[in-house]
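*Asks:* One letter stands for each residue in the lines below.
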Amino acid sequence: MEPLVRVRGLTKIYRLDGQQTTALREVDLEIAPGEFTAIAGPSGSGKSTLLHLIGGLDHPTAGEVWLGGERIDRFDHNRLAELRLRNFGFVFQAYNLIPVLSALENASFVLELQGRPRQEREQRARSALADLGIGDLWNRRPNQLSGGQQQRVAVARALAAAPRVILADEPTANLDGLTGLALIDEMKQLNREHGVTFVVATHDPRLLERVRRIIHLEDGRIVRDETRAT
Amino acid sequence: MLILAWRSIWRHRTRSIGAAFAVGFTVWMGLAYFGLTNAIRDGMYVNLTDTVGHAQIHVRGYRDIRDFREAVIADAAALRRRLDATFPGAQVAAALEVPTLLSGEDRARGVLLAGLDHPPALRDRFAAKYVREGRLPHPDDPDGIALGGALARTLQVKLGDTVYAYAPGTDGTGASAYTVVGILHFPDPTQDARSALLSLPAAQDLAAPGAVSRFELHVLEFRRTTDDAALVPLRARLQDALGRDVVVETWRETYPSLSNLERSLRPMLVFFIGLFFVLAGLLVVNTIYLSVIERTREFGVVIALGARAGLVMRMVLAESLLLCTAGAAAGLALGLATVARLARGYAYPGSWGDVVEAYGLPRVLYASIGSADIAIIVAFVIGIGVLAALWPARVAGKLEPVEAMRFVA
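Order-wise, the sequence lines are chains E and L. Numbering follows this note's numbering, in which position 57 of the first sequence is assigned residue number 59; successive positions increment by one, without gaps. Numbering follows this note's numbering, in which position 80 of the second sequence is assigned residue number 82; successive positions increment by one, without gaps.
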């Protein structure tokens, strides 16, 4: 099957105050459509950087990033913004919801950026919230929701826009055990039912236990690409 | 996005209310300032046009004529008849101005002796405004004269004294004796030192029988500067009716320096109001900029989710415009209410009122505001809303999503 995401020789070097830090070193990777892939590794291993480069949030120092048949690493800011808007959903460790918007408004935010009509936005956002079991909390602001509920809203925001890939950066890191497990199961269910490709950066063993493919990163390099039966 | 912008404004309530209040206060002050200045301008207008008329009729080329005999409208009665036929019911004043040597018992001065024939309403207003002692000469009084206060002091004469006039006339030099019946006070010292008033028939007897220097057309309904627009077609109509021997001029054409003075008020006013808006704009810049800095992480998320730089900049611009609009709406309502109240008439208290009167303005002034004034205020509000957002919007638009999401305020 043609890979959905492909990276070749991906290198990222950060320069700060004259010091160089190499976050990724010539990473090669392919992810097929509909896969649920975890990127594992200790803190500082380059998981988030890899996710950012795949999602067009940053430019690599060297190497190539392809989405479908299109090379995206040379896109300018505006093309990358358009690419993210149409193809990627993001889930962040700190939820990153907009505090003055309700759960429904947050979930429909990307659809609004896409310029969808109000009725369609609301319908899709409500459906995404319902899929994640928080349909009845649509009118609450983030500060009226628990951490797990906020992260579900963040997943709903990513899911509602029907992206090709959802990139999740440590989505369970701020959640307690049960809540984290529930969220993992819900994301896997969405992956199965909607066929959305998930790439999740994590070092949460609970999540890693439930994922078929795990790419292990250490010191900016892929040290193991493991696929197993779940 | 407007909902997001509106809610974002009120995240830091105190700061936003402060900035909105500054805008609202400036709008209120701008409207009140316009209203009060328009009142003074209209007061000046009434004062000016009461004195010189809204339009004047002179002999054509009168400014360049040096010979007194050629500078007068010889058959004033005939022209008056045509004027009355063209503009029935017009308030018309006639004046004959004669350069004259006026002497008391011991001293003499060169003065501009004016024989005036004013309609009663204007005559009463003139008397109320300028007569300090005594009265004006009656319309048919052949012997009475009123003198500017400074001139009376110079000639060392008082009410009841006799003064002597020697003047070039259309029929040779005229000479006559008059009794001082009134002492006037003009705010302009030069006018006060050079003015002497007679009845029109008395002046004509002295210098030019049957002639006048000018007719003044007074349109009593015109009480505001904006009424002037109607003068231009009126002048054209009169000019056609009165023929080419005379020239009809609006007061602005006859007294361009006064007109320019009156017109210069508005640009100065707009400039000063603009300065106040700049100060209010600085508060808005501060509010919007701090709001952007505090929400760097949030803007990073918005950009990460796919918002282009242009959209992020428009979000900041919308916040600034909404903030300014909220303040401006309150300021506009208060400002219009203030002007509406002052439009019923107001007087400056105490010595301020004396100053106003000293400049020949009415004691009671009437504020007014035009749609152009409101449009200027609205333009200023939009202007500061946009300008105040430019820099913060640029900062927000240039954020890199990954760096911005790591930002800790």
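Note that these hints are calculated values from the structure, not bench results. There could be a bad hint or two in this list.
[Said to hold, decoys possible] Okay, derived cross-link-like pairs now, DMTMM-like style, lysine to aspartate or glutamate, Cα gap no bigger than 20 Å in a straight line:
| # | chain 1 | residue 1 | chain 2 | residue 2 |
| --- | --- | --- | --- | --- |
| 1 | E | 190 | E | 228 |
| 2 | L | 160 | L | 135 |
| 3 | E | 190 | E | 206 |
| 4 | L | 160 | L | 173 |
| 5 | L | 400 | L | 230 |
| 6 | L | 400 | E | 206 |
| 7 | L | 400 | E | 228 |
| 8 | L | 160 | L | 108 |
| 9 | L | 400 | E | 84 |
[To be verified] Partial selection, computed: residues in chain L whose CB lies under 7 Å from chain E:
| # | residue |
| --- | --- |
| 10 | 9 |
| 11 | 10 |
| 12 | 176 |
| 13 | 177 |
| 14 | 271 |
| 15 | 307 |
| 16 | 308 |
| 17 | 310 |
| 18 | 403 |
| 19 | 404 |
The structure presented is a predicted model; accordingly, all values stated were derived computationally and were not measured. Even for Gly, the Cβ is constructed at its ideal location relative to N, Cα and C.
*Asks:* Take the hints in turn and mark each one as holding or not.
*Replies:* Here's how the hints hold up against the structure:
Under the criterion of a C-alpha separation no larger than 20 Å, the hint pairing residue 190/E with residue 228/E is consistent with the structure, at around 18 Å. Of the pairs offered as hints, the one joining residue 160/L and residue 135/L holds, with about 10 Å between alpha carbons and a cut-off of 20 Å not exceeded. Pair hint residue 190/E plus residue 206/E holds up; C-alpha atoms about 15 Å apart against a cutoff of 20 Å. Between residue 160/L and residue 173/L the CA atoms are separated by roughly 31 Å; this puts the pair beyond 20 Å, and the hint is violated.
Proposed proximity of residue 400/L and residue 230/L is contradicted: the alpha carbons are some 53 Å apart, above 20 Å. For the hint pairing residue 400/L with residue 206/E, the CA-to-CA distance comes to about 34 Å; that exceeds 20 Å, so the pair is violated. About 39 Å separates the Cα atoms of residue 400/L and residue 228/E, which puts this hinted pair outside 20 Å; it is violated. Using a Cα cut-off of 20 Å, the hinted pair residue 160/L and residue 108/L holds, with the two alpha carbons roughly 13 Å apart.
Taking the CA atoms of residue 400/L and residue 84/E, the gap is about 16 Å. The hint holds against a cut of 20 Å. At a threshold of 7 Å, the smallest CB-CB gap from residue 9/L to chain E is about 4 Å, leaving the interface hint in force. With a cut of 7 Å, the hint placing residue 10/L at the interface with chain E holds, because the nearest CB-to-CB distance is about 6 Å. Proximity of residue 176/L to chain E is violated relative to the hint, the smallest CB-CB distance being about 88 Å (cut-off 7 Å).
The restraint placing residue 177/L at the interface with chain E is violated, with a minimum CB-CB distance near 91 Å, outside the 7 Å limit. A least Cβ separation of about 40 Å between residue 271/L and chain E goes past the 7 Å threshold, and the interface hint is therefore violated. Hint status for residue 307/L relative to chain E: holds, with the closest Cβ pair at about 5 Å, below 7 Å. A cut of 7 Å between beta carbons decides the hint on residue 308/L: the least distance to chain E is about 3 Å, and the hint holds.
At a threshold of 7 Å, the smallest CB-CB gap from residue 310/L to chain E is about 5 Å, leaving the interface hint in force. The interface hint given for residue 403/L holds, since its Cβ lies 5 Å from the closest Cβ of chain E, which is under the 7 Å cut-off. Interface restraint check: residue 404/L against chain E, minimum CB-CB distance 5 Å, threshold 7 Å, status holds.
Figure legend: structure checked against the earlier numbered hints; hints not met, in rising order: 4, 5, 6, 7, 12, 13 and 14.
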